[in-house]
Every structure is written in C-alpha cells, then in structure tokens.
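Top to bottom, those sequences are chains P and B.
The numbering of the first sequence is the numbering used here, which starts it at 39 and goes up by one.
The numbering of the second sequence is the numbering used here, which starts it at 39 and goes up by one.
It cannot be assumed that every hint is accurate.
To give an idea of the interface, some chain P residues facing chain B are shown, with a C-beta separation under 8 angstroms as derived from the structure [stated by the list, open to error]: (1) Q80; (2) L82; (3) L86; (4) F101; (5) F128; (6) L143; (7) Q147.
Anything over 10 angstroms on all C-beta distances counts as not near chain B; from chain P, calculated [claimed, not checked]: (8) D46; (9) F72; (10) Q83; (11) A130; (12) K142.
Here are the in silico distance ranges between beta carbons for each label pair [what the hints assert, rightly or not]: (13) P78/P - R53/B: 40 to 46 angstroms; (14) E53/P - N115/B: 41 to 47 angstroms; (15) Q40/P - R68/B: 42 to 48 angstroms.
I should point out that these hints are in silico values taken from the structure, not numbers from a laboratory.
All residues carry an ideal CB built from backbone N, CA and C; glycine is no exception.
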Amino acid sequence: AQSVTQPDIHITVSEGASLELRCNYSYGATPYLFWYVQSPGQGLQLLLKYFSGDTLVQGIKGFEAEFKRSQSSFNLRKPSVHWSDAAEYFCAVGARVIYNQGGKLIFGQGTELSVKP
Amino acid sequence: KAGVTQTPRYLIKTRGQQVTLSCSPISGHRSVSWYQQTPGQGLQFLFEYFSETQRNKGNFPGRFSGRQFSNSRSEMNVSTLELGDSALYLCASSPTAGGSDTQYFGPGTRLTVL
Chain P
39 AQSVTQPDIH
49 ITVSEGASLE
59 LRCNYSYGAT
69 PYLFWYVQSP
79 GQGLQLLLKY
89 FSGDTLVQGI
99 KGFEAEFKRS
109 QSSFNLRKPS
119 VHWSDAAEYF
129 CAVGARVIYN
139 QGGKLIFGQG
149 TELSVKP
Chain B
39 KAGVTQTPRY
49 LIKTRGQQVT
59 LSCSPISGHR
69 SVSWYQQTPG
79 QGLQFLFEYF
89 SETQRNKGNF
99 PGRFSGRQFS
109 NSRSEMNVST
119 LELGDSALYL
129 CASSPTAGGS
139 DTQYFGPGTR
149 LTVL
C-alpha cells in the first residue's frame with residue numbers, strides 16, 4: 039500500500055541551527071515527491087518537488103531535500119532556521135498517471151516545527 | 039497569476055444540513071482536487087476532477103460529492119452533515135490530471151458543524 043511516514047510529530051530547534059525533517063514513503067514505483075508547508079489557518083505552500091533527475095532538489099526559502107531511493111526517503115533540510123520557519127511541514131507522494139490514479143496526493147501526518155529564539 | 043481561491047473561508051452549520059463549497063483554480067489549470075484536513079486523520083484525498091469528469095475518488099461516503107464546470111471551477115457538496123465533518127477543506131489545482139503534476143493549494147474553507 040502507498041503511504042508516507044513522517045516519524046517526528048514535533049521538532050524544536052534554535053534559531054540559526056540546522057534542520058532536518060524526515061520523510062519515508064512506500065510506493066510501488068519511482069514516486070513524485072513533494073514537501074509543503076502550512077502556517078496556522080492557511081493552505082499548503084509548495085516548498086519543493088522531485089520528479090526525476092538530480093536527487094538533491096532546491097526549493098524556496100532556502101530549503102532543500104534529497105531523494106534516496108535505497109532508503110525510500112525524501113528528507114527536508116535547511117542549514118539555518120529562521121523564526122518565520124515555524125509551521126507544519128508535510129511530505130507527500132503523488133500517484134503517477136500511468137497507474138490511472140488521478141491527481142491523488144498521499145500525505146504524511148506532518149511535522150510541527152517550533153523555533154526557539 | 040491569481041492563486042487558487044476558495045469561498046467561503048468559514049462556515050458554521052448544524053447537523054443534518056448540507057453545504058456547498060466553491061473553488062476557483064489558477065487560470066489555465068484544468069484539474070481540481072479536494073482534500074479534507076482534520077487533526078485526527080490528517081490530510082485525506084476526497085476526489086479529483088479534470089475536464090468536468092471525476093477522475094478519482096477517495097474513501098469517503100456518498101454524502102460527499104462534487105462537480106466541475108466548463109470553466110474548471112469546482113464545487114463540493116456535503117449532505118446530511120455530521121459533527122465529524124468539521125474540518126478544513128482544501129482545494130488544489132494543477133495544469134493536468136494525475137499526481138505527476140504539481141498541485142497548488144487554496145487557503146481552505148473551515149467548516150464547523152454544531
């Protein structure tokens with residue numbers, strides 16, 4: 039079955055410290071992978087995506103993620119966290135059209151990030 | 039380009055009523071997907087529409103339905119509301135159908151069922 043696991047429900051980091059949010063997926067083929075961020079009461083904003091090619095992808099706001107096929111992982115990283123990064127982060131896998139699964143995104147449970155001053 | 043818009047932003051209904059939520063996709067996008075977000079279940083896929091046809095449906099009861107118009111705008115309807123339907127309903131649009139394309143989300147409609 040397709041699934042996405044974000045093992046950390048809540049993470050607290052100090053401002054200026056580095057950040058890594060974990061994401062593991064289960065999917066029968068090479069997936070399309072996404073990271074979204076959600077501020078309280080808001081919709082989801084796309085941070086970055088992986089479709090193919092270079093396994094290290096750069097996103098907005100200084101975020102990057104690395105696709106590791108052997109580990110079925112797509113971890114999100116940022117070298118220096120800012121207070122404004124406090125939000126909830128969601129990893130998602132997109133079903134491919136060739137399996138006729140339409141536009142379905144499968145989301146992890148989310149990781150809430152708190153930033154200490 | 040304007041982003042995905044959803045109306046209304048907030049709704050309060052009572053059990054047994056029905057509700058209609060609206061979503062206008064980014065100009066040129068033909069696919070609209072709907073998701074339900076709750077603290078307990080997280081983000082769950084409801085359905086996707088492309089060219090006025092439902093392409094895919096999640097595991098929700100028949101009380102949840104939707105449609106898409108020729109201008110790609112979409113509505114979802116929930117009939118006979120239950121307390122458990124209280125959630126943030128998110129709409130997302132993408133240029134084409136299928137999970138292979140990036141989905142852009144609207145701000146959501148917060149539905150409260152009393």
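Would you list, in rising numerical order, the hints stated earlier that this structure does not obey? Of the numbered hints, 3, 4, 9, 10, 11, 12, 13 and 15 do not hold.
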